[in-house]
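K.L.:
For the protein sequence lines, the chains are A and B, in the order given.
Those letters in the first sequence? Residues 4 to 317, per the working numbering, in order.
Those letters in the second sequence? Residues 4 to 438, per the working numbering, in order.
These are computed hints drawn from the structure, not numbers from a lab.
Check each hint, because a few of them may be wrong.
To be verified - In silico contact screen, one side only, chain B against chain A (beta carbon under 10 Å); selected entries:
1) Gly-130
2) Gln-193
3) Pro-209
4) Glu-320
To be verified - So these bits of chain B aren't anywhere near chain A, every CB distance computed over 12 Å:
5) Arg-6
6) Lys-132
7) Glu-198
8) Leu-222
9) Asp-291
10) Ala-298
11) Thr-349
12) Trp-350
13) Gly-435
Heads up, the beta-carbon is just placed ideally off N, CA and C, and yes, glycines get one too.
Listed below, chain by chain, are the residues.
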Amino acid sequence: MRHLLTTKDLSKSDALRILDTATQMAATQEREVRKLPTLRGKTVVNLFFEDSTRTRISFEAAAKRLSADVINFSAKGSSVSKGESLKDTALTLQAMGADAVVVRHWASGAAYQLAHGGWLHGSVLNAGDGTHQHPTQSLLDAFTIRKHLAPGGDLSGFTVAIVGDVLHSRVARSNVYLLTTLGAKVVLVAPPTLVPVGIEPWPCDVVHTLDQALDTYEIDALMMLRVQRERMTGGGFFPSPNEYSRIFGLDGDRLRRLPDHALVMHPGPMNRGLEISAEAADSPRSVIVEQVANGVAVRMAALYLLLAGEEAAQ
Amino acid sequence: MSRPIVINNAHLYGDTVASLLIEDGLITQVADTVETPDGAVVIDAQGLVALPGLVDLHTHLREPGREDAETIETGSRAAARGGWTAVHAMANTNPVADTAGVVEQVYSRGQEIGLVDVYPVGAVTIGLKGEHLSEMGAMASSKARVRLFSDDGVCVYDPVIMRRALEYVKTFDGAVVQHAQDLRLTEGAQMHEGEVSAELGLAGWPAVAEESIVARDALLAEHVGSRVHVQHLSTAGSVEIIRWAKERGIKVTAEATPHHLLLTDESARTYDPLFKVNPPLRTQADVDALRAAVADGTIDIIATDHAPHASEDKDCEWAAASFGMLGLETALGVIQKVLVDTGAATWRDVARLMSEAPARIGQVDHLHGRPIAEGEPANLTLVDPKAAWTVTPEALASRASNTPYGGIELPGRAVATFLRGVPTHLDAQLEGAFA
Numbered sequence: 004m005r006h007l008l009t010t011k012d013l014s015k016s017d018a019l020r021i022l023d024t025a026t027q028m029a030a031t032q033e034r035e036v037r038k039l040p041t042l043r044g045k046t047v048v049n050l051f052f053e054d055s056t057r058t059r060i061s062f063e064a065a066a067k068r069l070s071a072d073v074i075n076f077s078a079k080g081s082s083v084s085k086g087e088s089l090k091d092t093a094l095t096l097q098a099m100g101a102d103a104v105v106v107r108h109w110a111s112g113a114a115y116q117l118a119h120g121g122w123l124h125g126s127v128l129n130a131g132d133g134t135h136q137h138p139t140q141s142l143l144d145a146f147t148i149r150k151h152l153a154p155g156g157d158l159s160g161f162t163v164a165i166v167g168d169v170l171h172s173r174v175a176r177s178n179v180y181l182l183t184t185l186g187a188k189v190v191l192v193a194p195p196t197l198v199p200v201g202i203e204p205w206p207c208d209v210v211h212t213l214d215q216a217l218d219t220y221e222i223d224a225l226m227m228l229r230v231q232r233e234r235m236t237g238g239g240f241f242p243s244p245n246e247y248s249r250i251f252g253l254d255g256d257r258l259r260r261l262p263d264h265a266l267v268m269h270p271g272p273m274n275r276g277l278e279i280s281a282e283a284a285d286s287p288r289s290v291i292v293e294q295v296a297n298g299v300a301v302r303m304a305a306l307y308l309l310l311a312g313e314e315a316a317q
Numbered sequence: 004m005s006r007p008i009v010i011n012n013a014h015l016y017g018d019t020v021a022s023l024l025i026e027d028g029l030i031t032q033v034a035d036t037v038e039t040p041d042g043a044v045v046i047d048a049q050g051l052v053a054l055p056g057l058v059d060l061h062t063h064l065r066e067p068g069r070e071d072a073e074t075i076e077t078g079s080r081a082a083a084r085g086g087w088t089a090v091h092a093m094a095n096t097n098p099v100a101d102t103a104g105v106v107e108q109v110y111s112r113g114q115e116i117g118l119v120d121v122y123p124v125g126a127v128t129i130g131l132k133g134e135h136l137s138e139m140g141a142m143a144s145s146k147a148r149v150r151l152f153s154d155d156g157v158c159v160y161d162p163v164i165m166r167r168a169l170e171y172v173k174t175f176d177g178a179v180v181q182h183a184q185d186l187r188l189t190e191g192a193q194m195h196e197g198e199v200s201a202e203l204g205l206a207g208w209p210a211v212a213e214e215s216i217v218a219r220d221a222l223l224a225e226h227v228g229s230r231v232h233v234q235h236l237s238t239a240g241s242v243e244i245i246r247w248a249k250e251r252g253i254k255v256t257a258e259a260t261p262h263h264l265l266l267t268d269e270s271a272r273t274y275d276p277l278f279k280v281n282p283p284l285r286t287q288a289d290v291d292a293l294r295a296a297v298a299d300g301t302i303d304i305i306a307t308d309h310a311p312h313a314s315e316d317k318d319c320e321w322a323a324a325s326f327g328m329l330g331l332e333t334a335l336g337v338i339q340k341v342l343v344d345t346g347a348a349t350w351r352d353v354a355r356l357m358s359e360a361p362a363r364i365g366q367v368d369h370l371h372g373r374p375i376a377e378g379e380p381a382n383l384t385l386v387d388p389k390a391a392w393t394v395t396p397e398a399l400a401s402r403a404s405n406t407p408y409g410g411i412e413l414p415g416r417a418v419a420t421f422l423r424g425v426p427t428h429l430d431a432q433l434e435g436a437f438a
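Turn these sequences into a full structure, and let the hints guide you.
P.N.:
This is how it looks when you write it as structure tokens:
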């Protein structure tokens with residue numbers, strides 16, 4: 004694996020290798036000394052064109068625990084409005100000798116362009132590009148589901164429902180492909196206004212109310228997506244936050260309709276009271292906080308396989 | 004006076020073989036063989052197709068305002084190399100071509116350079132803002148003799164403004180040239196809305212945003228009895244609407260670009276902004292429908308929508324990049340590839356699609372798109388349909404290099420272009436004849 008850009012291209016064996024490696028990484032994090040020497044001498048750049056403190060510190064922690072040198076490069080704003088272009092930034096990082104670039108960008112495709120533009124030689128790890136993909140988020144989601152429901156196995160026979168703004172969600176896009184590759188059935192739950200036109204080839208079902216999803220499927224994991232308030236008011240994607248909550252929100256009643264073993268997930272940050280009630284977020288079924296911890300292990304695995312994978316294989 | 008030129012054994016319109024004599028800017032003889040006058044330049048045109056000089060109804064020359072992307076001079080050279088003898092320069096310059104002063108300047112600069120006749124298209128509304136009609140009458144009666152008006156790049160969106168424009172241009176028998184795009188349905192749009200955009204996470208530009216405006220404008224043109232020309236048709240649905248409108252007798256004409264006849268939205272998977280264009284590249288089904296519509300005459304003409312952009316406007320994130328691609332030098336090769344070599348059209352059809360019909364719509368048919376016959380102006384293009392070439396972006400004459408065809412082989416090209424008998428482009432092998 005040279006880059007990690009999208010889950011669509013990830014084979015089942017690659018995905019399982021990342022998850023297995025993440026399991027090993029997680030085990031090392033139980034030790035007293037959590038730092039591994041694996042990536043000593045390697046430089047990892049966190050290149051963030053969009054604010055995301057959570058994702059950045061997760062990658063930073065992952066890289067540091069592998070003993071890599073970490074440079075945080077915050078390049079806010081678009082290349083049109085201000086600052087230097089993606090190309091110039093890439094050339095700068097190349098000149099500084101980045102072995103891996105973790106990139107978060109507001110533009111769909113920016114990670115792909117960095118990897119294929121011929122501007123830099125290091126590995127590119129997509130930490131979220133526009134409304135396209137966020138592979139490590141879906142890997143940590145898969146890791147979390149697997150840990151609870153299918154230790155050591157794949158996700159065959161499990162059903163995962165993803166609820167919310169699918170149209171603008173890189174988390175949904177990443178998960179649809181990855182979870183399906185791992186054998187799970189994916190159900191998207193969203194108002195028709197937030198389902199992309201052209202979704203037909205996606206390997207998943209689509210329903211338009213959470214109740215319908217709860218009635219129709221035996222859901223093993225329920226993933227609530229963050230809904231941005233501005234999509235309701237200015238965007239006109241649906242009438243009001245209240246109506247959204249009523250039809251798509253996970254409240255106590257709906258929580259109790261899930262099977263006993265079902266997991267409640269959220270990529271964060273949550274809008275409590277909008278897409279998820281406090282009761283659901285804080286319930287024993289919620290693995291939301293654990294997802295954050297698992298994120299570090301998965302990102303360690305991804306960095307390790309990108310940067311040390313070939314050496315390790317020899 | 005310039006030396007007489009004899010063109011021997013050319014395939015006129017890809018059909019009959021004949022020889023031509025050009026003197027003083029005119030075709031003075033068309034015959035099986037012509038006698039070579041003293042001092043004449045002789046061109047052996049065996050295997051070459053002679054077409055009337057090509058006429059582009061849709062060109063962006065960027066001057067004034069964005070001379071870093073293209074100038075009237077570099078664009079004229081690109082046009083001559085592509086086989087064109089006339090181009091219609093769109094109004095979205097800076098300042099906008101919405102006054103007699105700007106259109107006269109553009110027209111004169113074209114004449115001064117002399118490689119191609121540059122006909123300015125006037126803006127429909129002041130500053131392309133869609134609010135107030137520009138002084139179209141002044142542009143029409145200016146030295147530039149403007150007959151086509153367009154806010155190209157932006158749709159004339161307000162139906163009342165569109166109606167008034169359609170009515171107003173009747174004064175001088177002009178036509179409104181529409182960039183059909185519902186603005187509300189395409190806010191922030193990046194590419195064709197469909198399966199590829201859904202996967203790539205790029206905001207969609209739905210087909211209906213074009214089709215609804217095409218339908219509206221056809222109905223408006225019918226209502227007020229005016230002529231409307233629809234630019235860069237890109238969807239199968241638009242084709243159906245144009246077909247319907249023509250059957251109904253509405254005075255509507257339509258164009259298709261070479262890129263919409265060859266490329267699809269699949270190319271966006273590279274996230275390479277060279278493939279970002281407005282209207283966007285559509286699906287294979289749309290490409291097939293457009294080709295069929297060109298073949299059956301529903302679409303009247305091929306136009307390039309040649310849109311040069313400086314490298315910094317393309318070497319960036321897809322969403323930050325400008326819309327548009329070069330087209331003047333590659334159009335003929337692409338059209339040969341998608342229409343002639345596939346049997347969908349003959350060279351005779353190409354003469355109609357790329358010269359005669361655009362000259363008529365642009366009302367320059369007294370000078371361009373004329374028959375290859377005695378007494379006619381010697382505006383001619385010689386095409387070598389066997390001269391395959393691989394497109395090298397940096398080698399193009401345009402100042403910009405944003406072609407989507409870099410590295411692609413095209414089957415043929417213009418090897419000579421004559422404007423009023425003067426060679427404006429000569430392939431290396433023909434240059435010797437003029438030495």
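K.L.:
Against this structure, judge whether each hint is valid.
P.N.:
Going down the list of hints, with the structure as the test:
no.: 1; hint: Gly-130; in the structure: violated, 21 Å
no.: 2; hint: Gln-193; in the structure: holds, 8 Å
no.: 3; hint: Pro-209; in the structure: holds, 7 Å
no.: 4; hint: Glu-320; in the structure: holds, 4 Å
no.: 5; hint: Arg-6; in the structure: holds, 49 Å
no.: 6; hint: Lys-132; in the structure: holds, 21 Å
no.: 7; hint: Glu-198; in the structure: violated, 4 Å
no.: 8; hint: Leu-222; in the structure: holds, 26 Å
no.: 9; hint: Asp-291; in the structure: holds, 19 Å
no.: 10; hint: Ala-298; in the structure: holds, 28 Å
no.: 11; hint: Thr-349; in the structure: holds, 37 Å
no.: 12; hint: Trp-350; in the structure: holds, 39 Å
no.: 13; hint: Gly-435; in the structure: holds, 40 Å
Comparing the model with each numbered hint stated earlier shows that hints 1 and 7 do not hold.
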